[in-house]
Every structure is written in C-alpha cells, then in structure tokens.
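Reconstruct the complex from the two isolated chains, following the hints.
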Amino acid sequence: MRSFKRILPELLSFLLCFSALCFGAAALYWGTAYHSHQDAALRRELAGSLDTLIVGASHALNGVDPQVLDEALDTSSYNLSGSLMPMHGRYVLLKKELGRNPVKTVYLEIAADTLLRNSGEEYAEGDEPIIARLDTLGERLAYATQYLDLEDWRNLASRVMLRSVQTLFKMARREDPVQAGRGFQPLEAHNVTASARMEPERYAIEELNPQTVSELEQIVSLCREKQVRVILLVVPESHVRLAKTRELDRFHQWMKQFALEHGCEYSNFNLLRDRWTRFSDAESFYDEGHLSAQGAQAFSEALRDWMRGDQERVQFYESYDQALRDNPYSQESWEEET
Amino acid sequence: MQITSFSFFLFLIAVLALYYLVPRRFQWGVLLLASLVFSLSQGAKQMIFLGFTALSVYAGARRIQALSDAEKEKRAKTSFSAEEKKGYKQAGKRRRKRVMLLVLLSNLLLLLVFKYLGFFMDQVNLVAGFLTGSPVLGRVSLLAPLGISFYTFQMIGYLVSVYWGNIRAERSFFRLLLFCSFFPQITQGPISEFSDLSGQLFAEHSLKEADFFPGAERLLWGFFKKMVVADALAPCVQDVFANYAQYAAPTVLIGAFLYSVQIYADFSGYMDIMCGLCRMMGIRLTENFTRPYFSKSIAEYWRRWHISLGAWFKRYVYYPVGISRWNRNLGKWAKRRFGQRLGDTIPATVALTVVWLATGLWHGASWAYIIWGLVNGLFIILSLWLEPIYAKGRSFFHVQEHPKIWRLFQVLRTFFLVTLIKVLPEVGSLRDGFGLVGRIFSGPMLVHSLQGLLPFVEWGVLTRILFFLAACLGTLCMLLHSLAQARGWHARHSGRRARFLRVLRCCILAFLILTFGVQNSWGGGGFLYAQF
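Top line first, the protein sequences correspond to chains A and B. Just so we're aligned, residue 261 is where the first sequence starts under the numbering used here, counting upward by one. Just so we're aligned, residue 6 is where the second sequence starts under the numbering used here, counting upward by one.
The following block holds chain B by itself, in its conformation from the complex (with noise of 0.2 Å):
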C-alpha cells in the first residue's frame, strides 16, 4: 500500500473512523490491527520479519525483567556482604547481559543478512578476484523487509532500556508487537523510545477539536511537500544526476539544491503526515526536523535532521562507546601525554567515528554511505578540534556571533556543505559523486538562457512548466512555513478567525494535491528515506 495511493487514503479514513467509534478501551486494538493490516499489504514476509523481532525482543526482555527482579527480591530477602553483594549484582548483570546479547545479535544479524550481506560478499568476491582471478562467491541479492532498519533500531532501544533497568518490560505481547509494528512509522521512523510512545498508544483518547484539526492540516501539509514538491523535482534532480558532465555548473549547482530541497520534501512531509495523523487519534509522534536547513554548522544540522537516528546513535553508541572502559583509558592516556583539552577530545573523536560509521553504514551497503558518513563525521570531528582556532580567530577578527548577516553566512554555508555531502552517495557511484561536486566547481561558468540553466524542464510543454512552478511555490511555502514556525507566527490567531483561515489553508492544500500532486506521484511515490 503506497503512503500516496487512495487505497492507503481510504485507509486512513476507516483507521480513524474505527478508532473513535470503538470503546476507548479497544483503541490500541484497532491500532495493532491497521498496523498488521498495512504490513500484510506489504507482503506476508514483512509479517514473519516483524514477528520474530517482536517476539524475541518480547522474550528476551521478559527474561531480563524476570532475572532482575529476582535479583532484586533475593537482595532484599537475603543479608549479604558488600562483597557478596558485588559478586551477586554481577552474576545477575553476566546473565542478563548474556540474555539480551543473544536477542540483539540475532536481531542485528537478520539486518546484516538483509542488508550487508550482499555487500560483504561483493567485498570478499573483490579481494578474491584481486589474488586469484576469480570470484569465490555467488551473487546474493535478498529484498530487505519494508522499514528493517526502523522497527530493529526501535526493538533494539526498548531491550537495551530494559537491560538498562529504565524501563520495565512490556508485560503484553501484542502491546509490544503495535509498539514495534505502529504503521505511522514502520517504514521511515520515527524510531521512538518505548517510554515516550508506549503511554500514547495505549492510553484512551478521545476525539478533540484543538488535535483532531491541526493534526489533519498537517497531515495535508505533508502530503503537499511529498507529492507536490518532491515527487516533481525527482525527474529534474535524476536528469542532472544522470548528465551532470554535459550541464554546465550553476545547473549542476541547482540540480544538487534541488535535491536538497527533495529530500527534505520527501522525507518531513512523510513525517509530518504520520505526525499529522497520530495527531488526529490524540499521539503526539516524536518530532524528527526541527528546521534543518536553518542550522549554523553540520553538527547543528544533524541535531536537526532525522532526530530520531541522532538520538538513537547517541544513547545507544555515542554514550556506549564514549564511557566504555578502553575509551576512558585512552582518554587519560591522553591527558597524561597531551593534557586536558586533548584528553576530552580524542575519546568523543573516537566515539563520533564509530557513530559515524555506523551511520553511514545504517544508511546503505555501500561504500558511497560508509564514505558519505566518514565525511560527515570529519566534518564534526575538525570543528570539534578546530573549535579553539575559530574561537581566537574570532576574537582575533572581532566577528560577533550575533550579527544577522554573520548568521545568514553560517546558515548558507552549511547548507551548501550539506548539500555536497548529501549528493555523494546519490548520483550512482562514488566516482559520479565526486564528479558532480568536482564539476560544480570546474564546470563552464556560463549561461545564456533560462532554458540553458534549468535543462531538465521541458520548456516545450505547459504542464511540464506548470509541475515545476507548482514545485518552485511549493519550496517557498516550505521556507515560509519554517520562518513562521522559527517565529511563532502560527499562534497568533486564535478563535473562529483561526478557524477560517485553517479551513483556507486545507482546502488551497487539498486544491494544489489533487491537481499537480496525485499525477506527479503515478508510477510510482516511493519515498527516499524507506529504502534505507
């Protein structure tokens, strides 16, 4: 069931329908059943992936809850030694550690299987040709299930939570399986933690005007980002992608901001209509942009962009990795040897590489990802030691941080390094990455016409030039939309004014959906990020 069909549409509307006509106790149910029902659409295998996550996470930590609390009320029956005491916490801790590494391993490598797999035995074929000539291993191509990279992520955060002691394991099974198989966010995220979403899904809701409106404006908001605006600049992004050595390089340029704007479009509008859509059943979805494209440095952009992941990589590998006993005594080692400032450093260096890595690695098996992640990282790791450089610098040069014009420079300046970063894996292969960027800066300079600089419309045809405004319209609501969302223009009306202008906006909104959206998303709609 594509997100963009009228199939998932009318889906939509029996989901909400059954939701506010049923007992409020039964709720979650109908929850649990559109999400089974939405992963069935998407083929029975999706539904046999899914369940073994959810079932053996459920075990796993039902185990670990289990030998905890034993743990606990044995403590508490029986008087021990502190000595005692340390060895029995750590007995405990070994079995418990024991339960849940076998669930996280299996988990992870079913992702590997899916995802890596494919790409690892390209690598060994690689190596194998370079000394023998030949290949050792067959060709393995396996369609990973719709929204893996998601739904283990999320599963992975609950058990690590439970072996963690935050939270207690979810006594009910099917409770689990909605929290893992939810269908707003299966696909592209976002990947919540149990404590923030559980309380929503299972709590009674009923229907509120203040939820029900906002959340469907939202919801037609996003499906205006995706269908108006994305899905018209993807042929003009792939006609650069596809023939970047012909086009000179302010249209390589654009076609790469573009894409920029693509990405966002398609990514946050999914986003904001699954936001859009917990909202009208009273959920308030774990937000995932918080204006991206308004940071002032790539660290701050990652703060902004995909939340979610950001948050997952620092709770569950950044702070891992960083605390973790050979990273301290590096960090002390460095201390001895190059005091302080250093001693910080080289430990977070090596924790945002690996979280880098798996980034990049999380993203795609390829080395363009792997790559495109290293370059992310590098980015943050030399702001991070060049940090006291700029600081002198700045003093040195006088430069205020709050100038808006100095402001307005680190904003276009990190979203024009983005933008080079964001195209590398997406051109086709690394090479062509790097051509595009190096093209952009080598390529012919100059452009005699409109049509010379925008190629990829084709000017010949009138709808093909009303798609493309439509989408140029689009990027700029987007971008008025956040400077009113940055400034709270939003909440300055109120009452049956407010209203008014909510019913204008929905139907200008529906209006520009149904006429440019629906046929620029036939044939296809898919969204970028759910093939990670």
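Okay, chain A solo, but in the shape it has when bound (with noise of 0.2 Å):
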C-alpha cells in the first residue's frame, strides 16, 4: 500500500491536468456555435412558436425545407434532424420542443438502414452531436448515461474534443459563428449515377433491431400523449439506388402495418409516381441516398402539395415492385447502358 501511495500525487496530478484540458476544450466547443447542428440558442428563441417539427436523420436533414412548408401551409416549422440521428435522440430532442411549443404535428422521418443499424457501430456519430444540442451539462450527462456504453463514452469524448479543435481552427481563422437556418441544411447536387456501381444491397426486415423499433414506438406515444399528428416520412432516394436495392417492398408493408398499430400516418416519397420527372439523378442528389438543394426543393414541394391534399399531382405507386417497371436503372436498362 505504501508503494501505492508513493506513485499516487503523481497519478493524481495528471489525472487533474487531463481533466481539465478536456473539460476545457469541451466548454470551448459547447460554448460557441461555430458548427452548423450548434442550434440550442436558435430553438431556444423560438420556443413557444413551432407548431410543425421534422425529425429524422440526414435524409430529413438535406431534404426537408421548413420555408417551402410554411409558405404554402402557413406554419411554423422547424427540422430537427441530424445526420446518423439515432431513435432515442430523436426522442430526446422532440420531447424537448414539445414540452415548450405548441406542436400539432410531426414529421417523423424513417429509412430502411434507421431501423436496421446498430449503434454499436456507429461510434456515438449520431448520439455527439445530440449532445451538444442540449442546453445544460446536466441535459448532456442525463442523456450519455442513459443512451450509451462505457466504448461509446470514449468515442464521444474523442469527438468532442476533435469539435473543439476544429472550433480552435474556425476561430483562429475568424469565422463567422454558424448563423442556423431553420435546421434545413442543403447539399450540392452531383450526378450520382455517374459513381454509381450496380451492386445490390439487401434490407433485411428480419434483422430490424428491436430497441430501435421499441424507441420508434416511444416516440409516437408520446406525440399521441400529446394529441400531435404524426406523419411517418420516406425521403426520396436517387432512381439508381432505388434500382439496386432489395426487399424494399417487404420495409414498406411492415411501416404500413406500423402505421396502422400506431394510428399514425405513412407517406413513401420514393414511391411518387412522378418522381422520374420530379427528380434527376443528374441534379437532384448529393449522393445516391441523399437529395441536393435543388432535389430538396422538389420534395418539400411534393409535401407541401400532399399536405393540402392534392390527389391530381400526388399520386403513388402501390410497391417497389410497381416503381422499379417504371426506373430506367432497372438492372436490364442499367446494363443495357454499361
């Protein structure tokens, strides 16, 4: 034991000087707002005003234009979405705005690789910046005790403090603090099927991990707790990965039958009869599974015009199955064209 203490001030002071240059760097990063999800002062100013809240992951983040769904609907909303955002984030962050706006509804946006990921994998990507969308250090340690694991404490620390180098580097080369839009982060277009290699991936419905499902369930009651309309979202994919993936068909059915269990709403914009002409793989998307700016448009225009009820110009396809007859990157064109 003497030999214990022997080594312990030495211990200790080092243990104290990390400390407090992580916590340091932490105070740095959650101090500023120089990252564009940094939004907790944004929603803090409009609290008690957003009536319409869209929440998923990247898909909803560069897709979902508020302004586009305001203008026309003459609401107030806001996109809460993140990219890689996990189920329970998502939960934490809409209980938050529920409890202090007025909300009448809420797009939930859900993808196939959402409900099918593994959060182990994902090295807290998702879950970090969450966390610094909260408003308070208690908020913070609230939510990484209850949602992550001793591997993932250290993959958000890392994170952490590599935001907080970057901040160092943003502000040694003065710029400007992100000025938040309404969440909407839009991307550039690329052609995407110029990249694109004709491998088919594979949604298994049988691997759906069960406590996504089970947070996916939290987070409708507690809309329904609070009387909100909740609209289950499909984000548009680009018609070449729509081509290649499989077992779409047996996804839709099971957020069909979700949807009715849970009395909510189901709308699958990639199943958009006219999504051949509404979109462009040349300049409707950043990547195969995200929309660009200009593809964003078009689909909250496809939104907007479904929320008002517009049967004549939003129509759709019953199934994948029906849709990829109509894809002209069908594997049989796709090779035809290669």
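All clues given are correct.
What follows is a set of in silico ranges between Cβ atoms, one per label pair, in the way DEER data are often shown:
hint: 1; chain 1: B; residue 1: Pro408; chain 2: A; residue 2: Phe429; range: 41 to 51 Å
hint: 2; chain 1: B; residue 1: Gly457; chain 2: A; residue 2: Arg489; range: 50 to 60 Å
hint: 3; chain 1: B; residue 1: Arg436; chain 2: A; residue 2: Phe429; range: 38 to 48 Å
hint: 4; chain 1: A; residue 1: Phe429; chain 2: B; residue 2: Gly457; range: 15 to 25 Å
hint: 5; chain 1: B; residue 1: Arg510; chain 2: A; residue 2: Leu397; range: 25 to 35 Å
hint: 6; chain 1: A; residue 1: Trp514; chain 2: B; residue 2: Val466; range: 29 to 39 Å
hint: 7; chain 1: A; residue 1: Ala332; chain 2: B; residue 2: Ile18; range: 51 to 61 Å
hint: 8; chain 1: B; residue 1: Arg492; chain 2: A; residue 2: Phe429; range: 28 to 38 Å
hint: 9; chain 1: A; residue 1: Leu397; chain 2: B; residue 2: Val466; range: 24 to 34 Å
No lab work stands behind these hints: they were computed from the structure. Don't be surprised by glycine CBs; every beta carbon is placed ideally from N, CA and C.
Structure below.
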C-alpha cells in the first residue's frame, strides 16, 4: 500500500491536468456555435412558436426545407434532424421541443437503414451532435449515461475533443459562427449515376433492431400523448439506388402495418408516381441516398402538395415492384447502358 | 481484443492493479492468467496451437535435459578411455539431436502448414498448369493463429539453447507456458531469449516510481505513434499504392516515404506500448528498434530494425550455416583458389543468402517477400564484396568518415534505399511494387499545387486536413524524439521539474490520442506486423 501512496501524487496530477484539458476543450466547443448543428440558442429563441417539427436522420436534414412548407401551409416549422440521428436522440429532442412549443404535426423520417442499424457500430457519431444541441451539462450527462455504453463514452469524448480543435481552427481563421436556418442543411448536387455501382443492397426486415423499433414506438406514444399528428415519412432516394436495393417492399409493408397499429399516417415519397420527372439523378441528389438543394426543393413541394391533399399532383405507386418497372435504372436497362 | 480498443485499455488497468495487489510470489501467475485470457480473446483455436507448441517444446526440452544430465552423471561416475568418452558423447549428442529435431520439425511443420501450404500449392498448380493445362491441387486458405511466427521462433530458440546446453530446461510447464504466451509479445514480438526474459518474468517486483511513470509515458507514446501517426497515414499510403500509375513522381515518392513512416510508427509504436507496459510491471523487454532510419548502411539498418528477429536469425541460422562443415569446406576451397579475402567472403555470402531467403519467407508466403528478402540480402552482400573498393575510393577522393555532411548523406541515402525496398512487397503484386518504384523515376516530375502533390488528403474536409496535420506533426515529434534519445536530452532534467514535464507530456499525448487517435483507429486499428 505504501508503494501505491508513492505514485499517487503524480498519478493524481496527471488525472487532474488531463481532465482540466478535456473539460476546457469541451467548454470551448459547447460554449460557442461554430458548427452547423449547434442550434440550441436559436431553438430557445423560437420556443413557443413552432407548430410543426421534422425529425429524422440525414435524409430529412438535407431533404426537407421548412420554409417551403411554411410559405404554403402557413405553419411555423423547424427541422430537428441530424446526420445518423439515432431514434433515442430523436425522442430526447422531440420531448424537449414538444414541452415548450404548441406542436400540432411531427414529420418523422424513417429509412430502412435507420431501423436496421446497430448503434454500437456508429461510434456515437449520431449521439455527439445531439449532446451538443442540449442546453445544460446536466442534460448532456443524463443523455450520455442513459443511452451510451462504455465504449461509446470514449468515442463521444473523442468526437467532442475533435470538435473543440475544429472550433479552435475556425476561431483562428476568424470564421463567423454558424447562423443556423431552421435546421435545414442543403447540399450541392452531384451526378450520382456517374459513380454508382450496380451492386445490390439488401434490407433484411428480419434484422430490424428491436431497440430502435421500441424507441420508435416511444416517440409515437409521446406524440399521441400530446395529441400531435404523426406522419411517418420516407424521403426519396436516387433512382439508381432504388434500382439496386432489394426487399424494400417488405420494409414498406412493415411501415404500413406499423402506422396502422399505432394510429399514425405514413407516406413513402420514394414511391411518388412522378418521381421520374420531379427528380433527376443528375441534379436532384448529393449522393445516392441524399437529396441536393434542388432535390430538397422538389421534395418539399411534393410534401406540401400532399399535405394540401392535392390528389392529382401527388400519386403513389402501391409497391416498389411497381416503381421498379418504370425505373430507367432497373437492372436490364442499367446493363444495357453500361 | 484489439490493442487499440478501449477493452484492451481496461484489460491493462485490471492486469496492472492485480499484478501489484496479489502477493509478489503470485505475480507471474497473474501474468500467465492475463496471457491466457488475451490468447482466448483471439479465439479458442489460438489456445490449441499455443498449447501444442508450449507442451511439445516443454516435453522436448525436458527430455534433452534429462539425457544431458544422465550423460554427465554417467561420465562422472564411469571411467572412460578418451576414445570411449568421445563415442559416448557423440551417441548422447545424437540422441539429444533426434529429440530436438523431432520437436523442432513438428513445430516448423505447423508453421509451414498455416503460413506456407497455400503458397506451396499455388506453385505446384502453376507448374502443373504450365505442363498439363490444369491445376492438380485444390485451393487451401488457412487462417494462421495470431503471432505463430513469433512464438514459434521464440520457443525454437529456447529448445535449441537447451540442446546447446546454454540454459537448463525449465522445470515448470506453467512457467514455460508464460514464456511462450506472454501477452505483450505474443502478437508481434520481440522474440526474446529465455535467459533474458525468464529471470524478470518470475522475479518479484515491487511498485517503483522510477519504472512505473517512465513506463506509462512510453506506453502513451506508443499509442500516439500507432493511433495518431500510423493509422492516419494508412489511408494516404493505400491511396498512393492503389493509384500510383496516375500520380506524379513526387507524389509517389512522398507516398513511399509515408509508408516508411507508417510502418515504423506502427511497429515501433506497438513495441513502445508493450515495453512501456512491461516496464510499469518492472520487466524490461528486449528492445526491437534503435533509431533505424538514422542508419548509414542497409546492414546497419537491419541491426537497428526488428533487432530481436535479426539476432534470432544470426544466432540460429547465420552462425550454424556459417560454421557448418560444408560451408567451412567451401571457404577452405575458396581460400586455396582465390586467396584469404574470398575464402572469408564466400562462406559469409552463402550464410547471408540463406538468412535473407529465410527472412523474406518469414515475412510472408509470397514471391514478393522472397524477392524483397533477397534484394535486402543482395545490398548487404554487395557492400561486403565491394568494401575494399569503397575503401580505395574513399582514400582516393580523400573522403573523411566523420564530417556531418557525409554522415547525413549516408543516412538519407540509406533511408531512400530502404524505402524503395520496403514498398516492393506491399503494393499488391511484385509487378506493382516494381511499377511503383519505376514511377518514382519515370513519372512526371512537375506538380503545380499542394492539392496535386498530396491528392490523398481530402482538402475540402477540415477534419481530414486536421488528421493529416496531426500525423505530420507526430512524425516531426518522432524525429525529434529520436534526436533527443541519440543526444541524451531525456536524462538532463531530474527531480520535481522532470516529474512536471512528464505529467505535461503525458497530458498532451493522452489528449492527442483521444482527439485524433481514437477516430483513426475505428474500423480496424490492426498492426501491420501482426500479419507476419
């Protein structure tokens, strides 16, 4: 024991110094707003005024422009989405906003990969921005203790430290802190067919993550408790992606069934009948799975039309199989082309 | 259990705590338990092969020892004539040799099956395909147990040392099992001698400040080298290796240099982690590196890079081949025919060729590694043969050995050569290896922008730039650290100031590892040398 005491002072001084360094770095990151997801101040400012919320992962973050909806539907919307946002993160952010806003409608974006993903393989990538978007250290700690396992704590710490170094760089380069819009982040367009490879991707519905499904149910119950209309939303992906993805119909059926059982609405914009004219793979997408600014505008308009109940302009295929028949990038035509 | 994972970090803390909490006579038991847990975490198959090696070598060494002891006892008790004594000695040596060869070959066979069977069958199929038009053997792909090359060589060294009578066979199987499976060195060495390591492994160690903190600092330094430098450079190097035909010569050269930095940071980083950890437990592992990129010749480089492997080959291959009867006869013949110098040089050349062929094969079962080994050997043999000409040239041009500029030239020349040789087997095929080297000399020399020079850095993404900058800064730190070591700057501070500086260094290292290293090591973080 005596020998342990001998090493204690140096060990403690190391731990103290290291902790101080880490907390200092975290404070620098959390105390400023140089990253696009740091919108806590804006949301505080808007508190009490929002009646529509959009929440989802990157598909929604880059795909739904609240301004388009607000102009046409006379709403006050906010896009709460974030890249790789896990279902529990959506729950936490939604709960916070539902608590301080008179929300009537929630668009809950769901993609097949969100339901299949194993959070352990994401290295807390989706959790870190959520933690940064919370208001107090207490809220952050509560989130981390509730949803992150030990390995993720290390990953979270690493991400926060890196953000702090980035913040330092941005400050040194005298960049302006980010002026967040209403959460929407438009992306540049790329011609996605140019780099696409026709390797089939498979979504096995049997491998749905039960934890994620249960968290989805939690979100729906929370909204129903607050008497909020919930719309489960599938954001369009590129035609080429659709052509090579298998078993999406099973996912589509599962979503339909889920919506029916939980009393919410479901709309799959991947199955828009006129998607071939509304979106083009050359201009409407940033990559195979994400809309570009131009695509987001087109999608937000389609969503607006659907909300208005414009049956003529917004019609859907019944299934992915049907859509595949009209897809210019279906296997046969792709092979011919290449 | 990945060395760079958080679970390994927790494992280290648990081992350290347990090591110093149990009564000291059980400390080696803690190490054995930890080693078995570590091996088990690599899969049950690992344990079976490890167990076979440990058990066969233990039984073989014990048998050799028993034969040797019985022989000595009989020689002491019985009065032999000189001739009888010689005959008895030779008979005893034959018996011991039979046991040694049986164990040695059974372990080498295991190594051959796992590492070389696929390669051998490919060659047979190649020849059969050439002769008959179709392959005669099916394809076999066996996953070699982790570290099999390292622990097999270490145990062979132990067995041969017992056979030569340099050490006595270990009585306790569990102690030998610890020597074979000691977790800090099982995956990538160092390949230790039993006489060097056993005394420390089985000794009782108290917690000493003078060992614990320098060990901890070295451990962090190792993680820094591996996670911040090597893992960040890996994608850049892979990019250059995959696209060298499209890149300009300076870019390919930089990619090759980065590979040299990567492999050094990776391998020496591992050694620093393990040497640091062992030092925290009062154990000094054999050093594997002495600033190899400061070498003035390729022969010197190989004395400073992977020292324990070089020493093993020297002890168990070079010397036995060098003094073997047929090689000595060859030397005598050469001396009679060509004079004293060639009489010395030719046997050495033969031994060096065998050593470098074996070194190439040890690194991997492919022609690329065999050629790589032979190219290394060729440079060393050439320098041996040309040494008199160099000496004459130096005296003719009045080149002095000592001026700094001459030494700097030698160091840079060696680094350049070593880099070119190093990349040969790593690009993919041997043709690509030579293609990449050729591109350095034949590719376009002009690059008009930094983006063009370093296309493997994603210049549009701040995070990628930061990671690359951190790796470059880390490389600079490694260079300064080597210089500091060479000039003994480390030893200049002592007492409270030294402790303060150490805490500061550790904090900065830990912060950089957390910020850059953790993310670099996601989705892998494996070590390059673990594949050997």
